[in-house]
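A.B. asks: Residues per chain, in single letters:
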Amino acid sequence: MPKDNGIGASTKRREDVRFLTGHGKYTDDINVLHQTYVHFLRSDVAHGKITSIDTAEAAKMPGVVRIFTGADFEGVGGLPCGWQVTDRHGEPMKEPPHPVLAQGKVRHVGEPIAAVVADTLAEARDAAEAIMVEIEDLPAAVDMKAALKDGAPKVHDELSDNLCYDWGFVEENKGAVEEAIKNAAHVTTLELVNNRLVANPMEPRVALGDYNRSDDMSTLYTTSQNPHVIRLLMGAFVLGIPEHKLRVVAPDVGGGFGTKIFHYAEEAFCTFAARQIKRPVKWTSTRSEAFMSDAHGRDHVTKIELALDKDNNFTAIRTETYANMGAYLSTFAPSVPTWLHGTLMAGNYKTPNIYVNVKAVFTNTVPVDAYRGAGRPEATFQLERVIDKAARELGVDPIALRKQNFITEFPYATPVAVEYDTGDYMATMAKLEEIADVKGFAARRAESEKNGKLRGLGINCYIEACGIAPSNLVGQLGARAGLYESATVRVNATGTISVMTGSHSHGQGHETAFPQVVAEMLGIDESMIDIVHGDTANTPMGMGTYGSRSIAVGGSAMVRATEKIINKAKKIAAHLMEASEADIELKDGAFSVAGTDKSVAWGDVTLAAYVPHNYPLEDIEPGLEETAFYDPSNFTYPSGAYCCEVEVDPETGKVTVERFAAADDFGNIINPMIVSGQVHGGIAQGIGQALLENCAYDENGQLLSASYMDYAMPRADDVPFYQVDHSCQTPCTHNPLGVKGCGEAGAIGSPPAVINAVVDALQSGGHKVTHIDMPATPSRVWAAMQG
Amino acid sequence: MAKVTMTVNGKSVSRDVEGRTLLVQFLREKLNLTGTHVGCDTSQCGACVVHVNGEAVKSCTMFAAEAEGAEVTTIEAVENDDGSLSVVQQAFQDHHGLQCGFCTPGMVMTATALLKENPKPSEAEIRDHLEGNICRCTGYHNIVKAIMAASGQDVSSVAAE
Chain D
1 MPKDNGIGAS TKRREDVRFL TGHGKYTDDI NVLHQTYVHF LRSDVAHGKI
51 TSIDTAEAAK MPGVVRIFTG ADFEGVGGLP CGWQVTDRHG EPMKEPPHPV
101 LAQGKVRHVG EPIAAVVADT LAEARDAAEA IMVEIEDLPA AVDMKAALKD
151 GAPKVHDELS DNLCYDWGFV EENKGAVEEA IKNAAHVTTL ELVNNRLVAN
201 PMEPRVALGD YNRSDDMSTL YTTSQNPHVI RLLMGAFVLG IPEHKLRVVA
251 PDVGGGFGTK IFHYAEEAFC TFAARQIKRP VKWTSTRSEA FMSDAHGRDH
301 VTKIELALDK DNNFTAIRTE TYANMGAYLS TFAPSVPTWL HGTLMAGNYK
351 TPNIYVNVKA VFTNTVPVDA YRGAGRPEAT FQLERVIDKA ARELGVDPIA
401 LRKQNFITEF PYATPVAVEY DTGDYMATMA KLEEIADVKG FAARRAESEK
451 NGKLRGLGIN CYIEACGIAP SNLVGQLGAR AGLYESATVR VNATGTISVM
501 TGSHSHGQGH ETAFPQVVAE MLGIDESMID IVHGDTANTP MGMGTYGSRS
551 IAVGGSAMVR ATEKIINKAK KIAAHLMEAS EADIELKDGA FSVAGTDKSV
601 AWGDVTLAAY VPHNYPLEDI EPGLEETAFY DPSNFTYPSG AYCCEVEVDP
651 ETGKVTVERF AAADDFGNII NPMIVSGQVH GGIAQGIGQA LLENCAYDEN
701 GQLLSASYMD YAMPRADDVP FYQVDHSCQT PCTHNPLGVK GCGEAGAIGS
751 PPAVINAVVD ALQSGGHKVT HIDMPATPSR VWAAMQG
Chain S
1 MAKVTMTVNG KSVSRDVEGR TLLVQFLREK LNLTGTHVGC DTSQCGACVV
51 HVNGEAVKSC TMFAAEAEGA EVTTIEAVEN DDGSLSVVQQ AFQDHHGLQC
101 GFCTPGMVMT ATALLKENPK PSEAEIRDHL EGNICRCTGY HNIVKAIMAA
151 SGQDVSSVAA E
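Residue numbers (the UniProt record's numbering), protein chains in the order written: chain D, 1 to 787; chain S, 1 to 161.
Derived from the structure by calculation, the hints contain no laboratory data.
It should be emphasised that the depicted structure is a prediction, and the values quoted were computed from it without experimental measurement.
It is possible that part of the hints are untrue.
[What the hints assert, rightly or not] Now the in silico label distances, taken between C-beta atoms and shown as ranges:
1. N614/D <-> D81/S: 48 to 58 Å
2. R14/D <-> E125/S: 51 to 61 Å
3. S84/S <-> I277/D: 43 to 53 Å
4. H23/D <-> D16/S: 25 to 35 Å
5. A2/S <-> R14/D: 42 to 52 Å
6. H23/D <-> T5/S: 20 to 30 Å
7. P622/D <-> S43/S: 18 to 28 Å
8. D16/S <-> I277/D: 36 to 46 Å
9. E125/S <-> E243/D: 52 to 62 Å
10. S84/S <-> T494/D: 51 to 61 Å
11. T494/D <-> S14/S: 27 to 37 Å
12. E55/S <-> T656/D: 55 to 65 Å
13. P411/D <-> T42/S: 28 to 38 Å
14. D44/D <-> E55/S: 53 to 63 Å
C-beta atoms are modelled at their ideal positions from N, C-alpha and C, and glycine is treated no differently.
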């Protein structure tokens, strides 16, 4: 009988009712009295010197309140980068300034040059048309390898070149890796591209800045995954507003996928301008604007070598990656190709020698930062592709080659500095073979071939490091913030509970899943518990939601705070029943004295805490409210095995995904329904990356894919039903819930499965294709078949 | 500015609007019906779907003035008269057919219109019909499942939760 309350129940989501009836409250739904609207005039060239900005005519247009340019931001801080990477030679990365509005130069299409604030949005747009900007075009650095050549156009004049950093990991392994490759029985080499993507949450970004003169208080309503992080960065580094005079609210947020982690220019602008003009300032991104102002994702160019001995055991991996940073360093950009990528290069396999080199490059493109998976999909894609290629070169079964090299004993310390606590890769692979019906593939292929189609099956594994992250460790690695999470559990007099969390829900269902944990611990009904999140004014300082960290880190903070509640409530119960605290047991929402029939209900204890007439006031304070900050001791390591089956139409090159199966190990699971939903969404994004999506620039740095007309989002008829399973569970050993996190797995695990399947299909048709870059569009596949 | 009059969610409303005002702006900004969302600027995403004279329409593709005299229904008026969720809304909750909720109003309006013209659509027909509605969260699995369930079809064989 499935549970209907607490941990493990597929509780229906309580947030659904407001979303289904049109009563969600997203940032753009918020309007403030006397509000103005801002329209940003953005650069339409990739690189150029601003020789003049004439706003005189525009300023006279109807409704215009004020026009801002870079000159208004002299003396105001630039947008900060939250992670400093140290290069192979011990030098810090290059970190050029990142202005709110362009200063002297524009460095990518979409960079804001001027901002028109007006009474209506239409007036702001009209006036922006009348601003005269003269830009002297400069040659643009677009292709990463070309950008590193001598004489390439420099994105930042004050830097020696476009190399942000040259990172080696682990530098001490380099010699051993070279030796192992030299002595290998077989080396498989693969060069590939991890295509640039745009996260595209369906809700475009919005910022609404408000300023109240009576108490000198600024409020920013924004589409953020982490309002406290925005308050910290914007308040301390950009605008110089102390925390107690700055409130950041992220209400209902329509998806994030990483791109709403970062602190953006528009947020700083609206907060700043509201203080200047003493009126609220609102910005709502259009989708086209989002394509040129939201941080992009991925964009790696990689060469990977896998060395094997004569028995097909992996002996070494060496990778060289060029990682695009874009024109400026977005908030966490430097960490993505390094610590979130290099540390995952062992994958699920016991490879003794690994060396990862990453060259991060400035180009005249939109900044690139974390997108669902962030570094881990890039690691997984290259590793699982090169393994597949090796299996084909060696004529061995790709599943058998993987199994032979699986890590089977835990904990396992990889040669790339992380220690996996638990996992059972044989189990997830066996589960995958079952749910994907791998045995039945031959018959399905025969059927496809009868219909004139090629059919391929692709398998891959993945591991991710999430539950980000131990603060002392990431501090050593260059993070400029801690990565703990917080929770305050406020028990009300009648026993109902509000949990204030620093985690932020933007689709993950925290308002449903988090109460399940507290309900389980206290033995009360979930409906008695509400989650409060998204507002710095009523939540403790917390780091927000990304890196599949909410339940693993935020959930753990909530457990710790609830444990404190239980400890105090037991003291009160002991007093009420005149018993020893050590004898008090909490079960099914009541406290009892062990070995007796004495008991007192949860609600009686909570009432006593707030109406302390009969209360141990000499020992404990009244009230029942506790806060905990939880800092994890390690990352968590979800893992799994994925299988994709495709059909390829040899006439057109069109690939259709016929079947997709995912067997994941997320450790313990709070709400299986929500977990499956997270995997579904990740898989669709991975299929999107593999077959459809591509953020394209031309050689001059012009953005070619700046709307849904040109950027192919996965639609309902691009994907099949998915078969997902998370019954393989090796609980995390170092957090109190034994959970690992599930938000990114689907996007990490699915792209290689799709491409492995496409290559398999093409080879089955006699085509000598060993790799195809993403997205495997019909034209690319067709061209590969001709080739 | 010109006066536009239409019936929205059963109530006659008149407002002065600029000629360039889109129906979605009229609903969101003039009537504060913020359940209808704007997810793109090229009529691709479907977050703004409403019913105009009973047909599913992207409210970003028509001017408010074009809806003069029309009957418009938005997500705010889809629930049953007693305030309970409609069959489609309830199926979306039961089958976890939404995550962040932003595309949801458009999905529900599109699905509701589909089931009116095709009471038992196949999986393929549903996927084809949702071509104009983009969801980034769910991977469509549970949306398609919810619509099948709302049409009374047995979805127990569709891959698990």
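A.B. asks: Hint by hint, say whether it matches the structure.
C.D. replies: Going through the hints against the structure:
no.: 1; hint: N614/D <-> D81/S: 48 to 58 Å; in the structure: holds (50 Å)
no.: 2; hint: R14/D <-> E125/S: 51 to 61 Å; in the structure: violated (32 Å)
no.: 3; hint: S84/S <-> I277/D: 43 to 53 Å; in the structure: holds (46 Å)
no.: 4; hint: H23/D <-> D16/S: 25 to 35 Å; in the structure: holds (27 Å)
no.: 5; hint: A2/S <-> R14/D: 42 to 52 Å; in the structure: holds (43 Å)
no.: 6; hint: H23/D <-> T5/S: 20 to 30 Å; in the structure: holds (26 Å)
no.: 7; hint: P622/D <-> S43/S: 18 to 28 Å; in the structure: violated (59 Å)
no.: 8; hint: D16/S <-> I277/D: 36 to 46 Å; in the structure: violated (27 Å)
no.: 9; hint: E125/S <-> E243/D: 52 to 62 Å; in the structure: holds (54 Å)
no.: 10; hint: S84/S <-> T494/D: 51 to 61 Å; in the structure: violated (28 Å)
no.: 11; hint: T494/D <-> S14/S: 27 to 37 Å; in the structure: violated (47 Å)
no.: 12; hint: E55/S <-> T656/D: 55 to 65 Å; in the structure: violated (30 Å)
no.: 13; hint: P411/D <-> T42/S: 28 to 38 Å; in the structure: violated (51 Å)
no.: 14; hint: D44/D <-> E55/S: 53 to 63 Å; in the structure: violated (38 Å)
Violated hints for the displayed structure, listed by number in ascending order: 2, 7, 8, 10, 11, 12, 13 and 14.
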